[in-house]
Every structure is written in structure tokens, then in C-alpha cells.
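A.B. asks: For the protein sequence lines, the chains are A and B, in the order given. Going by the numbering used here, the first residue of the first sequence is number -11, and it counts up by one from there. Going by the numbering used here, the first residue of the second sequence is number 5, and it counts up by one from there.
Think of the hints as simulated: they come from the structure by calculation, not from any bench. Every value quoted in this text rests on a predicted model; they were computed, and no experiment measured them.
Just so you have them, the derived chain A footprint on chain B, three or more residues with Cβ under 8 Å:
no., region
1, 231 to 238
2, 458 to 470
Derived EDC-like pairs: lysine to aspartate or glutamate, alpha-carbon spacing no greater than 16 Å straight-line:
no., chain 1, residue 1, chain 2, residue 2
3, A, K140, A, D5
4, A, K140, B, E445
5, B, K271, B, E247
6, A, K140, B, E449
Ideal Cβ placement from N, Cα and C applies to all residues, glycine included.
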Amino acid sequence: MTTELRFETVDTLKVRDAKDVEEVVRAAIASEQPLEIVGHGTRRQIGQPMATNAVLDLSALNAVTSYEPNELIITVQSGAPLADVQSLIDSKNQQFAFEPVDISALLGVTGSGTIGGMIGAGLAGPRRIKAGGVRDHLLGAHAVSGFGDSFKTGGRVVKNVTGYDLCKLLAGSWGTLAVMTEVTLKVMPKPESERTLLLSGLDDLAANRAMTAALGSPFDVSGAAHLPNSAFRPATGALAGLGSRGRAVTLLRLEGIAASVADRADSLARALASFAAAEMLQDEASAAVWRAIRDVEPFAAGGTLGAWPVWRIVCPPAAGGALGQALAHDTGGDVLYDWGGGLIWATMPRKPDAQAGLLRQRVEAVGGHAALIRAAEQVRRDVDVFQPQPAGLAGLSERVRHSFDPRIILNRGRMVRGAAT
Amino acid sequence: MAIMMPAADQAVLDRREAIVAALRAIVPGEGVIDTPAQMLPYESDGLMAYRQPPMVVVLPDTTEQVSRVLKYCFEQGIKVVPRGSGTSLSGGALPLADGVLLGLGKFKRIREIDFDNRAVVTEPGVTNLAISQAVAHAGFYYAPDPSSQIACSIGGNVAENSGGVHCLKYGMTTNNVLGCEIVLITGEVLRIGGKSAENSGYDLMGIITGSEGLLGVITEVTVRILQKPETARALMVGFAAVEAAGECVAAIIGAGIIPGGMEMMDKPAIHAAEAFVHAGYPLDVEALLIIELDGPGVEVDELITRVEAIAKRSGSTTCQISNSEAERNLFWAGRKAAFPAVGRISPDYLCMDGTIPRGALPKALTRIRELSEKYGLGVANVFHAGDGNLHPLILYDANKPGEMERAEAFGADILRACVEFGGVLTGEHGVGIEKRDLMPEMFSEVDLNQQQRLKCAFDAQGLLNPGKVFPTLHRCAELGRVHVHGGRLAFPDLPRF
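Throw the hints in and build the complete structure from the sequences for me.
C.D. replies: Okay, here's the thing in C-alpha cells:
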């Protein structure tokens, strides 16, 4: 039985396979009706409000096509739940080394979403400084472009330079280039043990210097975060215990085989002795703290700062301390640092523009960029959610987008303000 | 020449004198080379079987000059082939008879070393090794280490997404570059990324890396530098059968160990290398693994013990462990000299570069052996075993009629087998002209069209490095056409909500 695809109301079209995706996109082209691409919808609140008339729902494309632990790869359909895939690879003692961010608590939604959403958003956690981001682990993809054509790019091996690496573009493109249907990701062995050095009482500048020293050491630091005293508002969770100390904490993570971790922890503590004496968090206590940092728990939607907008700022790491300190001061808000200062999560009292002007001026001055990850729809309509680019770069980005989706069928307007109209 | 290049444009060639004069007005003095004798060094890159003198060579030394040269070529409809050090093994820098060869060799300055941000800002003509040398005093290095690192330029590394022995653990070029300054064919200068871990918007750095000089000309690169591991030690393990060596590789990875490097050589490669550098390689084994572990001393010692035990379980017949830097370097000496070593036992050789899933190693070796018999040509195998990247060296004599063609056909069959086994045509050398006509083995027309559309976003006239990577050239207007399938489309019933 067949029916005709109409866009008389906002339809949700639940596709079953890549062929369905092709047909839905082709129908959308024919009827000039843009589609919103959705897995579980976890990250729907991120981006400029879109001008879309129907929803393409990928959640039924949820199969694990193949998992080969010895090849360090997994191939899954894009609608596969991230949580399920993570527990599957966990059963073989493997993981996604880039530590995908679970954005649900920050946004106040449930579930960690799908693999496709994880790639489209491209949000990596604390280990990005060592292991790279989502883009570094996406090896291959099958996708449907805005031409309505299924294409593939990359492959199922790590070492591959055959043709343009379109995977890099798909990661972090927020569904605006193509609808991924199946992807191959690199997986890595889980470290056998971990330990976190905890330095108390450093101000943001000193913490930034300590993290810079740690990341410039040979001790292979896989996480470097700083929580200023003010960031300790959560009353529950892994960070609450640290917060009760009433002082800022700087956290440095070491992972690997136990003997090596112990050895490096001692060496690093000695190297950083001039900043502060180090306490140690072991295995599960350490892991819980890093999960909370990864997921930006202090700024959770259900917490005391839950009503404030949240910015994600990426900048040269050594500039982070001064930038974050100034932002917290000038906006009356709060910050927390990851990536040795190279990633700042900032939240601040509500203003119609989420203080975009002030914030971006400071961020741009150090060569960074900022995205508004949490804000009310009206604010996201009025503000550039993603960092506006200089004209030349914006022009090239638009030509790149156009080369995948000339009719702007996919997630129309999500990445560039004004593009929806 | 077995591979056809785009036909030369006679109208451009007729204007050669005017073009040379115009380029001289942009790049003064010795920066424009137009005599046959002086252009000789530029007529080939590392794929030396292919030679073509360019129309003219230009060696600018500022971004502004690059921009003006490209703008001029764009306005005049002249093709441009960018070149770094010319070490490409896939013919990526092969000139065109009617094209300007744009050499970046004068961009030789490291602009900034920023230890706090663990970044180096450099001009593209700086060699890969020079970056590591410039930061070595502070214990840092630049991780990707292609075998040609003493000569190859960082700009070329970005263009080719170069790998190396250590990319199993530390990634390829794409995982170690942060930003660049790029000049488009229109002359427009763009800055992408910087010292931040990631860029905003689409990952243009990611697409430029490995684009083989087809998207733009890089005039500055920002790379990430790392602290050198405290120690490195290597094991040299021999096996009586290639299958056992392949099993050992899988078992090491399966045990959660990612060595700094894991290389395999087969018997002909072992013998050639040993005769050349006398590294003490065992000559009675069928396969040799060199496995390097790096990190803190205590970790390396522990992992050496674990790997040794895995090797034994996999049936190793010999196992040596380095106890000094000198010994470790000796283990590597043979592997690093494998290509020139093979050059001593054969007048010519063709170096292939496919990647396969690790598990397919034994199968691939069997196939290569069969093909070697079929084509009547010898082959020595050197692999980056850890990531399944094969470098079969096909031995031939170019002076014997038909032998080069036979070697190329042999090579093409090996790459087809790589794709058949679930792998890819090229792991690190690039498509260039060498693998261009094999692209349809791996990609459908639709796949290739999407890649070429992206090319159109950067270079709509197709003037930058045409004839490389893509077997068929299409006009951008034709590629950009959207096929509309009727006003409404009947399609299978989908659940709606």
C-alpha cells in the first residue's frame, strides 16, 4: 500500500530504511517543504528556530549493523540510541574516547539521544584534549543529501585518505547538510584505571596556569577542568561533595594501567606542588566527577541556575582563565572550565539577548567562538546562536551547505540566523 | 603515460609569453621560472614514473603574492597545480602542460611557537621534521611522522592528510592540525580556525585536510604539538607464518593495547632491509613485527611484558626487546630504510598504499602472493600493521618493455582486493593521478558527484589541480541540478504521528 506524502499539517514521517529517507527528501524537494531531521529530539532546542514543515523521524533506524571489537569499529544506523550503543561497547571494555556529552540535564530533557544526534551536534567531553572530538572518530557514513541522493563517504578503516573526508563536515553540521542513515565510528579500549588530582583554592588565573603546566607535561593528562567556587551550586550529584569544601577545585585526570597512573599521579602532584597540594580521587569517584563536568551538571536545567541561558565557549586554552573570569564578573554569571581552559561553559542572568554582544566581544578578542546552547526560543530567534563568521568564511560555508542541499530542505535555518526566511 | 591528463588548452599556451610577464609583475626576480632547464626539477614529484614540464613555475613568498597569482589565473582561466616539497607518492603535484606550477618552497618560516597553547604557527614550506626540531628543546614534538619527514613540507602534509608510523596512537595530520590560512582560486584569503581545539561552523579545516590541492592553496598552518613520551621501547618479533603475525596484531589490539607503532615486514622486505642496514633482523622468519610502546617508563615496561606474552601465545619464533635507544633505533633502521633497500634489489618499484581491516591481513597477503605469480613480478610487503595500511612494493624494471604497465595492473588488482576485503584505495599517500581511475571501485557515481559538488563550492571553474582525484570531470552547473520527481511523490506508507 502506498500513500501520498502531503505537508498539509506538521507531519512526522517515521522512516524505516535509507530508501524511505531518500523518498521523503525527494518528496520534500518536490513540494518545497523543508524537513526537520530528528532522532529522539534530545537536542531540538539547540540552534536557531527552524522554518520546517515536517519532521523526518529516524528513531526506527536503530540497528547495530556490525560491531568488531578487534577492529576497533562499530557500524550502526543513525537512529540507534546512544545509551544502548555505549552499553554494548562497554560490554567489550571499549568506549567512545571523545566522551560524548549527555546534554539532557542541561536542557531539561530525558535520554541521551541517538548516535546521529551525537554526531550532528559534535559535542565532545573532557577527553577531547587527548583523544580528539567526534569528528576524529567518525570513519564513514551513508547519508542522503538535499538532492535526495544516498551517498557514502569514508570507510570502515581508520587510515583512509580516499577522496574528500565528508565525515568531517557531517560531524557538527546539526543536520543541515545530509541525513545520515548509517555510520562507522572508531571505538577505543577503556582505560584500566583512572585517578584525579584535585587542587583546592586556586583562582581562575592560577588554575589556568596549573592546567597549562599539566597539559604541557609528559604525564598524559586526559582531563583538565576547573570549577570556581561560585560554580558549586548543585546540592546533589558528584560535584556536591566537592562543593561543600567551599573552595574552588582544579581537577586533572590520569588514565591507563594502574602502575602507570599511580606513577604519573605522583609526578604530576610534585610538578604542581607550587600551586597547591593535591588530593586524589580514585576510579569510580573520579569517573563520577568527570561525568558531571562533561554534562555541565552545575548548570542543569533542574538546578538553581536552570532558568539562565548557557553559552559554550571554545578558545585558545591558555586564554581561558582570564576570559572566564572577566565574563563571570561582567555578566554577573558563572563559568566552569574544561579542556585546560579551552572550553568554558558560561551562564548568566537572563537578558533579551543573553548578553551576546558583551560575551562575543570578549570571546572574539582572544580568538575564540561561542554558541548559545540553552535559551528560550525567542532569544534564539533574536540572537546568533552559533558564532557569526567573517564574510568570506560565511560565504564559503554557505556554498558548502549549498553543495549538499541547494533547496535548503534539511533543518532550514538552524545554523545561521535569518537563513530560515 | 598510462593515465590521461586533461587536454592542454592551446589558447592558454599561445599566451604563454604574456602570462609569464604578468606573473613576473606579481612575483619579481627569481620567483618565476620559465626555462626548460630550470623547470626540470619540477616536472615530477615522488611518483617519478610520470613527468610533465609545467607551462611556468611560480615561487611566491608572501600570501599577497599567492593571492594575486591565483586571482590572475582565475581571471585568465589558467590551471594551477600547487606544490610543496614534491614528495607526493601519488602524483598530486604532477604539473600540467598548460598550467602554472605554484611552489610554496619559499614559505620556510616558523611564525610562532606557543607552548602554553601547545601550538605552532608555521608557513607551509617548513618541513615536517623541522617543526619537531623547533620545539624539541622544551620536550615537545609534532606527532605525524611520514617516512619522508626530513623533506616533506607541512603544507603538503595538510594537502595529503599524511600519516606515518605513529598514527595508530597519535592520529594522522587531520587529527593534529588546528587551523590554516588558505587562498581560494579567486584570490580570496581566508583564515580558518586557530589555536582553539575546534572551529565554529562547518569543519572546513577537516575538509581541506586531505583535499590534495584541489580546494585552495595553504599559506599558513597551525598545528598541535605534544609532549614527548618519557620513554619508548620496541619489540622485534619473528613468526614462521604471516597468519600468526596477523593474529598477534589482532590479539594486542584486542587486549586493549594501542602501541605507538606496529609494523610488519614479510620475508623479501626483511632480507632486503637486512642486506642494506644490518639491523640484525632474523632471516629465517616469514614475517617480522616491530612493536613500539611509549609512555612513562613503568607503563612501557609493563606493556612490553604483556605484548611479549601475547606474541608467544600467537606463536612467535623469535623475540628481541630493545634495552637502549641505540637498540630501538636499530630495530627501526631496517623498517625505515625498507623502500631504499628494495630499491637496491630491483631497478624500479611501485609502492602501493591500500588499507584493509586488520583481520584481513593474512587473506590480503595470500592474494598478493597469488597476484605476484600471475603477473610474474616480485613483491616485498611492508605494512603499518596496527592500522591495516599495506605498502606492497612491486618490483619491476622500467627498461623492459611492458613491465611498468604490468606492475601498474598488479598494483590496481591489489587495491581492488583492499576494497573487496572491506578496506580502501589509499591510507596515506593520496589518490592523486595514481589511484584516480580506480575511484569507481570504491565510490558510486552519486558518491563522487557529491564530492565534486563540494569542489565546486571552492573552485567552480575547476582550475585548481584538475585531473587529480576524480576520474571524470563534470561541470558544476550540471552537478548542481536538482532533479524534482513530480509535484507529489507516491511512496510506501510510513507511520505518521
